Every structure is written in C-alpha cells, then in structure tokens.
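A.B. asks: Sequence:
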Amino acid sequence: MRMFRKNKKDRKDIVKPGRRHIDSNREIGFITYLFIAIFLVMLGYLGYFTQVKSKNVINNTYNKRQALLESRLVRGDILSREGNILATTKSDNDGGYYRNYPYRNTFAHIVGYSTHGVLGIESMENFTLLTCDANIASRVSNDLAGHKNHGDNVYTTLNTKMQEAAYDAMDDRRGAVVAMNVKTGEILCVVSKPDFDPNEVIGRWDRLNADTGNSPLLNRAFLGSYPPGSTFKIVTALEYLKEHGGNTSDYGFECKGSFEYKGSVINCFNETSHGWVNFDDSFAQSCNSSFANISSTLDKKQFESTIGELLFNRELPLPFKYSMAYSDIGAGSSTDDLLQTGIGQGRTTISPVHMLMITSAIANDGILMRPYVVSEIQNVDGGTISRTRVREYGRIIEEQYTKSLQKMMRQVVVNGTAKRLIDTKGYSISGKTGSAEYSSNKSLSHAWFTGFAGADDPEIAVTVIVEGGGSGGAVAAPIAKRVFDAYFN
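Residue numbers (the working numbering): 1 to 489.
Careful: at least some of the hints might be erroneous.
Here are the simulated SDA-like pairs of lysine to any residue, each with C-alpha atoms no more than 20 Å apart in a straight line [as the list claims (entries may be wrong)]:
1. K301 <-> D336
2. K301 <-> K321
3. K425 <-> A331
4. K321 <-> E398
5. K403 <-> S334
6. K161 <-> D250
7. K419 <-> K262
8. K403 <-> N247
9. K403 <-> I367
10. K407 <-> D336
11. K301 <-> N278
12. K425 <-> K442
13. K242 <-> G203
14. K90 <-> S264
15. K407 <-> G468
16. K90 <-> P102
17. K407 <-> K161
18. K148 <-> K161
19. K161 <-> T89
20. K148 <-> T89
21. K262 <-> S296
22. K262 <-> R174
23. K242 <-> E82
24. K442 <-> K403
25. K161 <-> D336
26. K242 <-> N209
27. K407 <-> N247
28. K301 <-> K161
29. K301 <-> G245
30. K90 <-> K161
31. K407 <-> T335
32. K407 <-> H147
33. K90 <-> K148
34. K90 <-> F35
35. K161 <-> E459
36. K262 <-> T248
37. K300 <-> N270
38. K300 <-> A331
39. K425 <-> K321
Note that these hints are calculated values from the structure, not bench results.
Because the structure is a prediction, the values reported are computed rather than measured.
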C-alpha cells in the first residue's frame, strides 16, 4: 500500500476548522458568563431595592400608590410594648374612616400622624401599615363581602409608664426626654415639648405649621441641636484618660472660680470656687475651671479623633431623622476653641438622642447597640410577620475607660451636682449634669441630665434637656428620676 504524506499547508487546513470551533466555544462561554454576571447584578440590586429603598419609594408623598392602598385597606394599628393601642383606625357615621390616637399628646412626636406628609412611626412604617399579610382565606372572605382588609399592626418598644412619667414630669417646660435599653438598643420613651394632639392635626395644621416660635411639630429628642454644656465633660474626661493611660492620680487643681490661659478666661457656674480638686472631684462638681485646665493639656488632633469616634460629624445608626452632632475642634483650633469645647460650649452641638447613645455605650462597657423603636410586625390575626433583631453597632469606647467613667458618673450622684438622685429604692443612678449657655446672656442656660441605672449592671439610660431650664442638677435630673422610677418601680 502506498502512503501519502500531507504537506504543511494541508495540515494547517485540517487544523483551522478545529480552532474556529474552539474560538466559537470561547465566545459563547464569554457571552454566557457575561449574561450571568448581569443577571446576578440585577438580582442583587433588586434585593437591595426591596430591602433598603422600597419603603422610601412607597412612603414618598408623591407616590400615588399610597392613595390606592388606603382606598383598599384599613390602616393597621400601632401599639406599645405592652399592647396598648397608640394609633388605630375607626369608622365614622358616614361609613368613612379616620385615624384615632387614644393617648393624644403623650406619644405625639414618636407615633406621629398619618396626614399632611406623615410623621414619626406613622411615616417610618407607612408601607407596613398599608400592607395586609392576613391569611388568604380571610382576605378573600372580606373581598367577597365587600369589606376592607386590615393592614398589618406595628408593635413598638415604647414603655407606656415611662412615656407617661416623662410627659408628666416635663409639664409645660420646653425640651425633650428620651430613654433606651443599653443592652438591646430598644427606645423606651420619647417626649418632646411643646407638643400637639395628633387627633387635631387636620383642623389645626395651618396654626401648628405657622408656629415657628414654639415649633410644636419638631421632635426635639431627635432633631433638636443644643450645646451639650457640662455633659460634654464625659468626652473631655475620656480623652484625658486615653492620653494618660487611664491614670488620673497625679492630677490636682486649685479652683478659684475661674481659669485664665493665654488670654482666654473660663468661669465656673455662678463663679463658684471649688477649692482644691482632683480629677474625680472636678467631674463630680462639674468644675469648669478645672476642666478648662485639663483641656489646655490635651492633644488637639487626638481630641478630634476621640470626638469623631463618638460619632460627632458622622451619621448615626438611627432608623429616623435626626440632627447630626457637630464639633470643629482640630489641630488648627485656637486656644479659646479648645477650652470652650472642653466644657461643652463654643461651636459644639448635639441632639438628646445622640447624648443618650454615648451614655448607653458607657453603661454597656463601651459597646453601642443599634437603637430601634419597632419590635415586631403582626398581621390582623396575631401572626408574626417579622421581628427586629438586636444588633451591635460596635465598640466606640475602650472598656478600661468605660469602667473609670462609670465610677465617675456614680460620684456625680453620690457627692456631686446630682445629689437629688441619691434617694432611690432598689436601684442606683449614675450620670452627668449640664448647664449649657446658649446666648450672650450668661444667665440663660439649658438644663441637661444624662445617666443610667443601676450602677453594677446597668439596664437603661435616660437623657433630659430643658430649654432655658438653668441648673441640670436642679431641673433636669429630677425629671430623669421620675422616668427611672417608672421603669424600676
């Protein structure tokens, strides 16, 4: 048999179709993977939109779907942690429906209202309240009978007794009270004054909205922005502890009622002379002169870092609108700015809920829990649709320093500016008072108190501000005590 040898050209011709086949497979594979990648990206965005953005779109006042949902459903109820109804929907004599708030002004700012743009939990959970997750048989039955289905119910973390105690204690004062569980982040009460009756919002809207002098619609607990006054000495003390490795035994100061440094003068409250004070005494007696002296020794850059770690000039892990805390201290700050910041004055501002979060982190050994106000969603039949999971935000203060701050805050109550809180039954309070100047008239100041209870195993924290109240120890601290009493007793 005769054998024929193929030349190179022939071999190339034989190979080429195979290569084209391989290249074609590669192209198909690339296109397949590209479409898979695009699909996964779209799927991921759909999940993100559903979990994060969908409520914002539904809750937008320009979204016409809201009116459609409201025409088909009876808006769900909002309830306290004990099951007390805070907001419900009732029918009128004409067959229509209206929103009713049994506690009237007491829960006004946190529960909110469902008209004129919606506010509070009514706004946060608008989509939930207009969603029906009842069993299908019940829904079909209502549809056939011509009855509206009932929206899902929102159970909150709010404690009715604490809310009523805070509301009554504030009386006709302007300001705010807010409390939370330091171990879980549950918001327990939120009071803001001046207030309003959500049952009367429709009829009094123009008057309420035009009252810029009192701003009754403003939730001061979250949206108020105030100089922190001496409550900020918590932050200054923390920075000193960090720069000295937690050792304060070498510190001592002779207070003569004022402190002068490089042309800047800081006076104690009412120019009181505290005499010789150590570090803990300075904190307990809220000595401005001593803390101005302490501030003069601090590293500005490190101080700025510590302030930032406590979430000043940063977003907060909150599910509702709030005012961002502000501080402009930094390496280039003047001496006067440093001293003023150290005692909580100058250009430093904070909201009551932010001060509460810092206090809660101290009570919880430096770990901040993510605050939340909605605990559970149930359908009209009582079935659980979802529960809020307790989550940590993270550590914002090193544990060794929180132990020192806890002891110092206890001394404020034992022998300092909050002695009015020493007489408690079954629990103990630790805290810090503050009197924050807010105008050129030095006699005018906001009254602050922020603290936690009990001292050995803290459970809750409470923050109070009374606008123009004067002394934190005399005015704000007793209000906080009534809230603590409502929880423990």
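A.B. asks: What hint numbers does the structure not satisfy?
C.D. replies: Checked against the structure, the hints that fail are numbers 2, 3, 4, 5, 6, 7, 10, 11, 12, 13, 14, 15, 17, 18, 19, 22, 23, 24, 25, 26, 28, 30, 31, 32, 34, 36, 37, 39, while the rest are satisfied.
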